[in-house]
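Start from the sequences and build out the full structure, keeping to the hints where you can.
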Amino acid sequence: MVMVVTVVVIALVFDYTNGFHDAANAIATSVSTRALTPRVALAMAAILNFVGAWLGVEVAKTIQGIIDIDGATGSSAADRAHALTIVLAALVGAITWNLITWYFGIPSSSSHALIGGIVGAGIASATTVEWSTLVDKVAIPMVLSPALGFFLAFGLMTAIMWIFRRAKPARVQRGFRASQTVSAAAMALGHGLQDAQKTMGIIVLALTAGGLHTTDDVPLWVIVASASAIAAGTYSGGFRIMRTLGRRIIELDPPKGFAAEATAASVLYVMAIGLHAPVSTTHTITSAIMGAGATKRFSAVRWGVAKGIVIAWIITMPAAAAVAAAFYFVARPFLP
Numbered sequence: 001m002v003m004v005v006t007v008v009v010i011a012l013v014f015d016y017t018n019g020f021h022d023a024a025n026a027i028a029t030s031v032s033t034r035a036l037t038p039r040v041a042l043a044m045a046a047i048l049n050f051v052g053a054w055l056g057v058e059v060a061k062t063i064q065g066i067i068d069i070d071g072a073t074g075s076s077a078a079d080r081a082h083a084l085t086i087v088l089a090a091l092v093g094a095i096t097w098n099l100i101t102w103y104f105g106i107p108s109s110s111s112h113a114l115i116g117g118i119v120g121a122g123i124a125s126a127t128t129v130e131w132s133t134l135v136d137k138v139a140i141p142m143v144l145s146p147a148l149g150f151f152l153a154f155g156l157m158t159a160i161m162w163i164f165r166r167a168k169p170a171r172v173q174r175g176f177r178a179s180q181t182v183s184a185a186a187m188a189l190g191h192g193l194q195d196a197q198k199t200m201g202i203i204v205l206a207l208t209a210g211g212l213h214t215t216d217d218v219p220l221w222v223i224v225a226s227a228s229a230i231a232a233g234t235y236s237g238g239f240r241i242m243r244t245l246g247r248r249i250i251e252l253d254p255p256k257g258f259a260a261e262a263t264a265a266s267v268l269y270v271m272a273i274g275l276h277a278p279v280s281t282t283h284t285i286t287s288a289i290m291g292a293g294a295t296k297r298f299s300a301v302r303w304g305v306a307k308g309i310v311i312a313w314i315i316t317m318p319a320a321a322a323v324a325a326a327f328y329f330v331a332r333p334f335l336p
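Sequential numbering from 1 applies to the sequence shown in this note's numbering.
Hints are not guaranteed to be accurate.
Just the calculated beta-carbon pair ranges, DEER-fashion [what the hints assert, rightly or not]: (1) Phe151 / Asp70: 19 to 29 angstroms; (2) Asp70 / Thr181: 41 to 51 angstroms; (3) Met1 / Phe334: 10 to 20 angstroms.
It is worth saying that the hints were derived from the structure and are not from the lab. Backbone N, C-alpha and C define an ideal beta-carbon position, used for all residues, glycine too.
Here it is in structure tokens:
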């Protein structure tokens, strides 16, 4: 029981780091264009992250299905300790990578860090990894969501430029600055829908590993705890990454910010509600920002910064997996 509580608490710590790491996803463009002040934007994002966590649990069930934790869970205390160590190793891998990328202001994916940690711990412990689930629900959406974000944002921004081509620029800027309040709210809601569920999934894995849960249903207290932790983390900030998303990729104006946020939010809803896929909010909004910015001219996007972000995307899963595997091998000799 003590080990189960410890793992659950660490899972909520991951949820908290997810909140402050990914707070910029929802509000960076709105703050950059001065549609919202940072504190107002953070408060709004925190509240809507909490609300979004209540909109479904299918993504949480997908997270539970990446490895066969039941196969590693036996009836003895030693078996359960071993299974809980696997879950703990996954969390350590994800949290470590989150903190590294947060420190350097790199908008990497907390979602893929967690998934990488789960896979790394699963492989290291010889636990069955459900590769078909990983490919269908993670790998394909992982590639599809940023591609959709880029091209849909490019298309939406092109349409906005054509529709308002004869309007007064000052009026357009004011109108879209107000509209960004709505698009930022939609993005924050989508972030809660996606990311809080991932922590729910890992907590249910821990409960299953400890022999305290036998189905893939998510208990009410898990939803409340996960929603509260990600909301608290979101309100605590994320200004390092906010500067990268809001200013370093491209100089945003309100129409571009609206196009990026509206597109990214739509992709998140479709992936979570329609496909039950745990996609990265970071990848989606960053790609949408690039797509909206590219309508001005492709050279307006600072592709050097974008290249560094893409490299971080590529190495996130293997890096988190490596940390998780290393932690498992260090912890294994101390188990009963």
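CB-CB spacing for Phe334 and Met1 relative to the 10 to 20 angstroms hint: holds, 18 angstroms
Cβ separation of Asp70 and Thr181, checked against the hinted range 41 to 51 angstroms: The hint (41 to 51 angstroms, Cβ to Cβ) holds, given that Asp70 and Thr181 are roughly 45 angstroms apart.
Outcome of range test on Cβ distance (Phe151, Asp70; 19 to 29 angstroms): Violated, since Phe151 and Asp70 (Cβ atoms, about 40 angstroms apart) do not stay within the stated range.
Consistency note: the structure conflicts with earlier hint 1 alone.
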